[in-house]
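K.L.:
So the sequence lines, in the order shown, correspond to chains W and E. Numbered according to our numbering, the first sequence spans residues 1 to 278. Numbered according to our numbering, the second sequence spans residues 1 to 278.
Accuracy of the hints is not assured; some may be wrong.
Straight-line C-alpha distance at most 30 Å; calculated DSS-like pairs for lysine-lysine [claimed, not checked]:
| hint | chain 1 | residue 1 | chain 2 | residue 2 |
| --- | --- | --- | --- | --- |
| 1 | W | K190 | E | K190 |
| 2 | W | K179 | W | K110 |
| 3 | E | K185 | W | K190 |
Now the in silico label distances, taken between C-beta atoms and shown as ranges [what the hints assert, rightly or not]:
| hint | chain 1 | residue 1 | chain 2 | residue 2 | range |
| --- | --- | --- | --- | --- | --- |
| 4 | E | W5 | W | K185 | 52 to 62 Å |
| 5 | W | I23 | E | V134 | 32 to 42 Å |
| 6 | E | V208 | W | K185 | 50 to 60 Å |
Below, a sample of chain E positions facing chain W; criterion: calculated Cβ distance under 7 Å [to be verified]:
| hint | residue |
| --- | --- |
| 7 | S13 |
| 8 | A170 |
| 9 | T177 |
| 10 | I181 |
| 11 | L184 |
| 12 | K185 |
| 13 | G203 |
| 14 | W215 |
If you're looking for bench data, these hints aren't it; they were derived computationally from the structure. This one's a predicted model, so the numbers in the text were calculated from it and none came from an experiment. No residue lacks a Cβ here, since even glycine has one placed at the ideal position from N, Cα and C.
Protein chains: 2
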Amino acid sequence: MEGYWLFLALLVSALLLGFLSVIFVLVWVLHYREGLAWDGRAAEFNWHPVLMITGFVFVQGIAIVVYRLPWTRKCSKFLMKLIHAGLNTIALTLAIISLVAVFDFHNTAKIPNMYSLHSWIGLIAVILYSLQLVLGFVVFLLPFAPIYLRAKIMPIHVYSGLFLFGTVIATVLMGITEKLIFALKAPAYKDSPEEAVFVNTLGVLVVVFGGIVLWIVTRPRWKRPLEIQQKSGGKREGNEEGATMKDCKDTEKSNLEFSREARKQNLNLDDAGQRSTM
Amino acid sequence: MEGYWLFLALLVSALLLGFLSVIFVLVWVLHYREGLAWDGRAAEFNWHPVLMITGFVFVQGIAIVVYRLPWTRKCSKFLMKLIHAGLNTIALTLAIISLVAVFDFHNTAKIPNMYSLHSWIGLIAVILYSLQLVLGFVVFLLPFAPIYLRAKIMPIHVYSGLFLFGTVIATVLMGITEKLIFALKAPAYKDSPEEAVFVNTLGVLVVVFGGIVLWIVTRPRWKRPLEIQQKSGGKREGNEEGATMKDCKDTEKSNLEFSREARKQNLNLDDAGQRSTM
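Work the whole structure out from these sequences, hints included.
P.N.:
Laid out in structure tokens, this is it:
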């Protein structure tokens, strides 16, 4: 792969930053706050940032870059789609549990739900993410959707995925802002106590993590080779394309068939088809 | 242009949303808050959201899509670069005045500066945006940078531009969150007074504006034709390329020369060169 070492360095940096973000949010709630519990009180609320950063940021980020891993290139696209869908399902599950935690906490403390911009954008993101997952499953994983529909929906799927990822990170930043203002009283947020600096740093880590993930997936040279070959007019065909996948146990060829069919129908694969991420 | 009417519909939607956001922030500060003044007090602070949304969101958004306007395709790339740089300079100027307003307000009210995540991310964004502008001017507008350097830096310039645009929007959302928590007391933010709902709506408008701008500029089929031709191997050359620009008064050919030179040097224009936005 072209630029393999740079890719590796960026991937390792992203993983480290994501992992560090999870450590930071755990230190935040366990050391600076009330810990973790499921009692309807502050310790239950604390599952909200922990699960959002672990699931909706870190796991979602991995789900996005998973198509780019060069070690998976010998695996079929179908297997990669399964992994992609699986990771996104984990991310959504954690996000939903995290929402239950915050609604529970609000209801126990008689705090209204859904009044803040954080909650508005966040809930819209979770709903759209669920729709994206269902639509992705029906259109790209199940074998029923016709080629033209897949080709039509793929760029929307890719863009929505990356845009939602960015929106989730923006929502995390709003959440951190809210929580630090509400939780820090003496000293207050404006007096920059240690906790404020620590959690602001968590916010910066999450932004840099998102920046690296988005950079990796938007580099054309790091796309799966099959897609690059199709972009340049399908230089490798038939047995040679099949050979690309022979080392992986799962030899599902739907991806290959899709590409041939799309080429017959003269679809613009660069613009509308076959790309797993931008 | 392929998909002209869809492009037009999206462009008009983006402009309406951007314009509406500016109206909303003006109504916020003039109707719900203390109005606008330059007195070191709350009315001076109010320039901060007004100038950020007008300059750093709306004008920056226009600066990003300006390369995509089909009516400018007969203009030289150099002229478009000048407009792009000019709009970004206006955006940065408004952002800096907006920062002065908030620092002035903080200093008068004895509120510490730079304690919040909003201020951290926001200041980093302004600094990186300034660097981006200077670097863009030196590398792409001045005629001194060698081709290989331009080709090397272009994808970074494009990505950084879009990433900073997203970061600015995230920072606006944090700013709205902060301000509503601090400003609304009786009734408080959590009681969802009219102002809270109105300003939350402003936040949603800004996100949708950003989403449409990013969608427009990341569609390959809406790139300037010259770039598309280069991607497909430079089918149109010489006089024909010149003819594309003949109707525009400014017939600067540096762009054309760049493309020929880059082709000679066998650079990957798709990946590394010549693209104005992703």
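K.L.:
Evaluate each hint against the coordinates.
P.N.:
Evaluated hints:
1. K190/W to K190/E: This hinted pair holds, its Cα atoms lying about 21 Å apart.
2. K179/W to K110/W: 17 Å, holds
3. K185/E to K190/W: 18 Å, holds
4. W5/E to K185/W: 52 to 62 Å: 55 Å, holds
5. I23/W to V134/E: 32 to 42 Å: 36 Å, holds
6. V208/E to K185/W: 50 to 60 Å: About 35 Å separates the Cβ atoms of V208/E and K185/W, which means 50 to 60 Å is violated.
7. S13: 15 Å, violated
8. A170: 4 Å, holds
9. T177: 5 Å, holds
10. I181: Since chain W brings a Cβ to about 5 Å from I181/E, closer than 7 Å, the hint holds.
11. L184: 10 Å, violated
12. K185: K185/E check fails; min Cβ-Cβ to chain W is 13 Å, beyond 7 Å.
13. G203: 4 Å, holds
14. W215: Holds. Min distance 6 Å.
Checked against the numbered hints given earlier, the structure breaks hints 6, 7, 11, 12 and satisfies all the rest.
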